[in-house]
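For this one, chain A is given, so just place chain B with the ligand on it according to the hints.
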Amino acid sequence: MRDVVIIGIGQTPVGEHWDKSLRHLGHDAVMAAMADAGIETAGALYVGNMLSGQLTGQEHLGALIADFVGLRGIEALKIEAACGSGAAALRVGVMAVASGMHDVVLACGVEKMTDTIGGVTTAALATAADQEYEVSQGISFAGLNALLMRRYMHEFGMKHEAFAGFTVNAHRNGAHNPYAMFQSPVSEAAYLKAGMIADPINLLDSSPVCDGAACVVLAPADRFRDRARARVLASAVATDCLAMHDRRDPLALDAVALSSQRAYAQARVTPADIHLFEVHDAFSIMSALSLEAAGFAPRGAGVRLAMDGEIAIGGRIPISTMGGLKARGHPVGATGVYQVVELVQQLTGQAGANQVGGAALGMAQNIGGSGATVITHILSAI
Amino acid sequence: MSIPRNWRTRQQRYSLKAEVCNTCGNTIFPPRDVCPHCAEQKQSWTNLSGRGEVYSYTTMYNAPSGFEEYTPYTMALVKLSEGPMLTAQLTDVDGNGVAIGMPVEMVTRKLTQDGDEGQILYGYKFRPLLRQAV
Ligand SMILES: [Zn+2]
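Just so you know, the sequences run in chain order A and B.
Just so it is clear: in the first sequence, position 115 is 115 by my numbering, and no numbers are missing.
To get my numbering, take the position in the second sequence, counting from 1, and add 382.
Since the hints were derived computationally from the structure, they do not count as laboratory data.
C-beta atoms are modelled at their ideal positions from N, C-alpha and C, and glycine is treated no differently.
Honestly, I wouldn't trust all of these hints.
Unchecked claim - A few chain A residues facing chain B, derived, Cβ under 8 Å:
1. R150
2. A194
3. M196
4. H245
5. D246
6. D249
Isolated chain A (complex conformation):
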């Protein structure tokens, strides 16, 4: 297999893009990434997206976006793995380049969530869960995470306010990311007062509904050494059952552990070597459980990393360094690509006020559903 590098990145601001359709968002990210890489064409385009069929009534995004960016004729496919679709598209791109099937590959994530009203979007997001035995009972995605959070608080004797650090950290970092949906800090007091969605999960525990697109350009290291911005050391996927209630232990996130271990083995690193971790913080509880399952904290101690400031830039394991899913935003099928774009910014010293000093090794983890698909990428500086 060939070593794979990233030679260009592109992203649109995350937010409510009333003036832009799905195809325009995808276009903006792909064109920005191609310009950044200095390329005119590509062998293939993989589009990560979860909700276009449900919220836009549009499938077939591979051909749609390839044509829209002037690449009519190339190989182009939509890749879906619920909220993990973005990283899934990247994973397919990495396989295509590593195998020698293609040289230059575009991996784009795009999502348009704000053309529909709340209940419709909530129901669409819930299709990541088991329709027949979870969703049909009236549970939402926030509700599933609330079940996890309540159980966690019960097992480890923790109060809701213990999670405040995840929200405060994400919004502090989002404040300095010009592409973030929310660019102002949030206080612990504001966190404690936020409206309930599914008790104990409140508005500031959750990531927002939004639009956005991001893209990276992948290429073989040996032929693009001069343009390489970061090296892809690991690309790993693991799965678990769709329904949370079928898990061996709902608080254990087995697929996070498996995906992380596969990635560490590929990259020949341990958690202690990782300088920053773009975690899938769709809900505060996911940050805590991911830090634990990925090996950064023992079981029940993930929240302590937030309480002790260890997740801040300058801490032991900075997370959500550009705002994470909460503050940058979570345009679901695009999120996994945003995470990797941000890793490249960090590894090339382009993260501005959010720069992690000496960042040479970064990890991004994108999760589909409540933990059924977990995709981990580890990147190193050149």
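Relative to chain A, chain B with the ligand alone:
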């Protein structure tokens, strides 16, 4: 949910019809062709007691479409006494009385309705156990 899809799962939603694995002996709900515990394929039908306890719960204030009119309502993960866990609404509770570990039993209730003229979807919910088993 479409009428045939609803019909296909009726035995599970009305009476918690489950399976026991002939190889490893675990109870499986909902039924599936391959045992999730040992990956063998032979199972026998079994009926569940409908009793269990609350593993976790949440009060829903933002509901998915089809459930908006019922907010706030309480959802739970229920650990059945035979082993499997399932996701269900709690009924006959006021939000404050619910606790992790609370014994509950299955009842059949209306879950939702497909618009004003569509089918009414019935299924299991769980309420606090009325009589302790002897
Ligand atoms: Zn078995």
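Taking the hints in turn, this is what the structure says about them:
1. R150: holds, 5 Å
2. A194: violated, 12 Å
3. M196: Cβ of A/M196 sits 5 Å from chain B, so the hint holds.
4. H245: holds, 4 Å
5. D246: holds, 7 Å
6. D249: violated, 10 Å
Hint compliance for this structure: hints 2 and 6 are not met, and every other hint is.
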